[in-house]
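**Student:** As a plain string of letters, each chain reads:
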Amino acid sequence: MTTNTILQATNLTKIFGSGTSEVRAVNEVSLKIKHGELVLIMGPSGSGKTTLLSMLGALLGSTSGEVIIDGIDISSMKSAELAALRAKKIGFVFQAFNLLEALTVEENILFPARLNTGGIQAAKERLDGLLNSLGLTARRKALPNTLSGGEKQRVAIARALINQPPIILADEPTGNLDSHKGQEVMMILHDIARDDGCAVLMVTHDPRVEEIADRVLWLEDGAIRDRKSEQHSWVKDPVCGMRVDEWTATIATEYKNQQYVFCSQNCLDRFNKNAEQYTNKS
Amino acid sequence: MFYWSMKTLFSEPMRLIVSSLAVAVSFILVIFFSAVFEGESNQMVTYLQKMEADVWVMQKGVSNMHMASSMVWDWKADKIAKLPEVKEVSAILYLNGPVKIGGKDWFSYIMGISPEYQRAGPWDMVQGKAIPAQGEAVIPEVISKLTGVQIGDEVIMIDRPLRVVGLTRGTFSMASSVIFVSHKDLGDLVEGNDQFSYIMVYAKPGVSTQALIKSIKYEVDKVNALSSEDFIKSDWQLAVQMGAEIIRMMITIGTLLATLIVAFTAYSLIARKKQELAVAKALGFSNGQIYMAALCQSIVITGLGLFISLFISFTLLTWLPAVIPQINLAVRLHQFIPIAIITLPVAVLASFSAARTVTKIDPMTVFNS
Chain A
2 MTTNTILQAT NLTKIFGSGT SEVRAVNEVS LKIKHGELVL IMGPSGSGKT TLLSMLGALL
62 GSTSGEVIID GIDISSMKSA ELAALRAKKI GFVFQAFNLL EALTVEENIL FPARLNTGGI
122 QAAKERLDGL LNSLGLTARR KALPNTLSGG EKQRVAIARA LINQPPIILA DEPTGNLDSH
182 KGQEVMMILH DIARDDGCAV LMVTHDPRVE EIADRVLWLE DGAIRDRKSE QHSWVKDPVC
242 GMRVDEWTAT IATEYKNQQY VFCSQNCLDR FNKNAEQYTN KS
Chain B
30 MFYWSMKTLF SEPMRLIVSS LAVAVSFILV IFFSAVFEGE SNQMVTYLQK MEADVWVMQK
90 GVSNMHMASS MVWDWKADKI AKLPEVKEVS AILYLNGPVK IGGKDWFSYI MGISPEYQRA
150 GPWDMVQGKA IPAQGEAVIP EVISKLTGVQ IGDEVIMIDR PLRVVGLTRG TFSMASSVIF
210 VSHKDLGDLV EGNDQFSYIM VYAKPGVSTQ ALIKSIKYEV DKVNALSSED FIKSDWQLAV
270 QMGAEIIRMM ITIGTLLATL IVAFTAYSLI ARKKQELAVA KALGFSNGQI YMAALCQSIV
330 ITGLGLFISL FISFTLLTWL PAVIPQINLA VRLHQFIPIA IITLPVAVLA SFSAARTVTK
390 IDPMTVFNS
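Going down the list, the sequences are from chains A and B.
Each residue of the first sequence is one higher than the one before, counting from 2 in the numbering used here.
Each residue of the second sequence is one higher than the one before, counting from 30 in the numbering used here.
Don't read these hints as lab results, they were simulated from the structure.
Check before you lean on any hint, since a few could be wrong.
Quick list of the computed label-pair ranges, beta carbon to beta carbon [as the list claims (entries may be wrong)]:
| no. | chain 1 | residue 1 | chain 2 | residue 2 | range |
| --- | --- | --- | --- | --- | --- |
| 1 | A | S76 | B | Q304 | 26 to 32 angstroms |
| 2 | B | V47 | A | E82 | 36 to 42 angstroms |
| 3 | A | A123 | B | S40 | 25 to 31 angstroms |
| 4 | A | E247 | B | Y32 | 45 to 51 angstroms |
| 5 | A | G130 | B | Q304 | 24 to 30 angstroms |
| 6 | A | A123 | B | I282 | 49 to 55 angstroms |
| 7 | A | D129 | B | I282 | 51 to 57 angstroms |
| 8 | B | K389 | A | T6 | 33 to 39 angstroms |
| 9 | B | F31 | A | E212 | 55 to 61 angstroms |
| 10 | B | S40 | A | R244 | 24 to 30 angstroms |
| 11 | B | W348 | A | D129 | 50 to 56 angstroms |
Predicted model, so just to flag it, every value in this text is computed and none were measured.
Every residue gets a Cβ at the ideal spot worked out from N, C-alpha and C, and that includes glycine.
Work the whole structure out from these sequences, hints included.
**Tutor:** Shown next as structure tokens:
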């Protein structure tokens, strides 16, 4: 891991609305992310995690404070300049995968390559390596609607990496995956940070990821705070049996007057199909 | 983005075909009206062409047959016939007016034929006799089919009943069909038994048209003489002028229709792909690049519409008169020029609807699961 800072935020604040309807989504957040670091942003729903990630990813302007990406202060940049910066410096991985439906796996991966100075040809040379390392070689001509959730997320990761950006921003990358596939995606992101030297900043509710993260930033009411240990409330996902923090979990349902929480949407879907089977088991 | 726009467009072939067909329909509408108009305009000069005269002589100050009136004393035909440059003359008395056939008024070129000038009569007979005697009429076969009026039935020229004795081919037009009656009947009606309207002059071999015109004008007073080419051109232009406004209006309507269709398609495509475009924006594509993608889609839809309209026009429209004989269609390549010219502006205009949507797409929506 190198020690130089690639992403820095200083007193970053975002306020939505004004007067009585004013909402301070992010409040005076300062942080530094270094090359090769895997940093998690965790916190309860509505704590401002996605807003912070959007500002750090140059997708949303701040009300005050500054964001410096690879030594460049983006505060006064125009939208076209920000777009160019995103293309070169940041790779995005989303919870909903966000693949382009009409494009094949390799076309999806190469999609942002046209924006890079290296161009499409240089990207094509990297493509085979990415397909191979992410286990997608056999699926390179497949369309997204024929892929599993795990495969889709691996394609999204390959797309984020194709321009070799120094920063990867991931928003709930395991949110739509079952525990096994989620674990797989986490390990890929971990390896990207460790082996490629990328700074990986991930918003997640998944407490299992903490084990592989270098740091965890706890966001609460828009500000980074120390997380108290008693804020964990570990329960078992009734479907896969994985450990889930009941306090932070967003995927939950009520069955026979009892609350159940899940590690992923897939587990919830399975539960809804045959709740009796899982409640009897537990 | 160009690659994405094309792949997205062609990934839904049914939607693309339906949109392009809708554009094609609006273009075909323009081409159809243009073809009908040109077909009708051509038909209006068919009689002049079929007579194959070298020079047409008419009353001084007249230079048309369509919507015109001309009266020339009959002795002038004799005088022209005696000119050394002239091989032969023929003449007709002519009236532009309605003939009631099968209970309906058919606006017609009524040709009064003299027995001595039979060359001025019909050139393609289907049935019956070609040269009508007094009390007789020769009508187009198409009118006979449309009305059920047969040989032996009665038609009325203004107020004069005539019996149908012959059916002709190639003489029908929605605007002006050619109906042949006797010079006597028409002469009685217009009080012109000692007159003709137009004299067709055929030159001797080796005599130039201009020399013949010069000679006629020199020898015969108060007449106008035009080469057949100029006379036909003048009549055709008059017909075209009369319909130019209609054609212009049809092109405008067709263009607006095509623009609306492409605009709607481009807009709906962009609206349905908002999430993907938000991803593109998040990844670093600019509004301009995304707008160009929308423009490319509009151009493809419009271009495909143009291609389909050309194909249908050249196949179906040329075949249509065989099924509907009352339609005179002339499908010509030059009719596609205005359509081809408006194709690009249509696509650009239509893509404006998408441009507004593109600028409003918020890349933040990529975080919506």
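**Student:** Which numbered conditions among the earlier hints are violated in the structure presented, ordered from lowest to highest?
**Tutor:** Structure breaks hints 9, 10.
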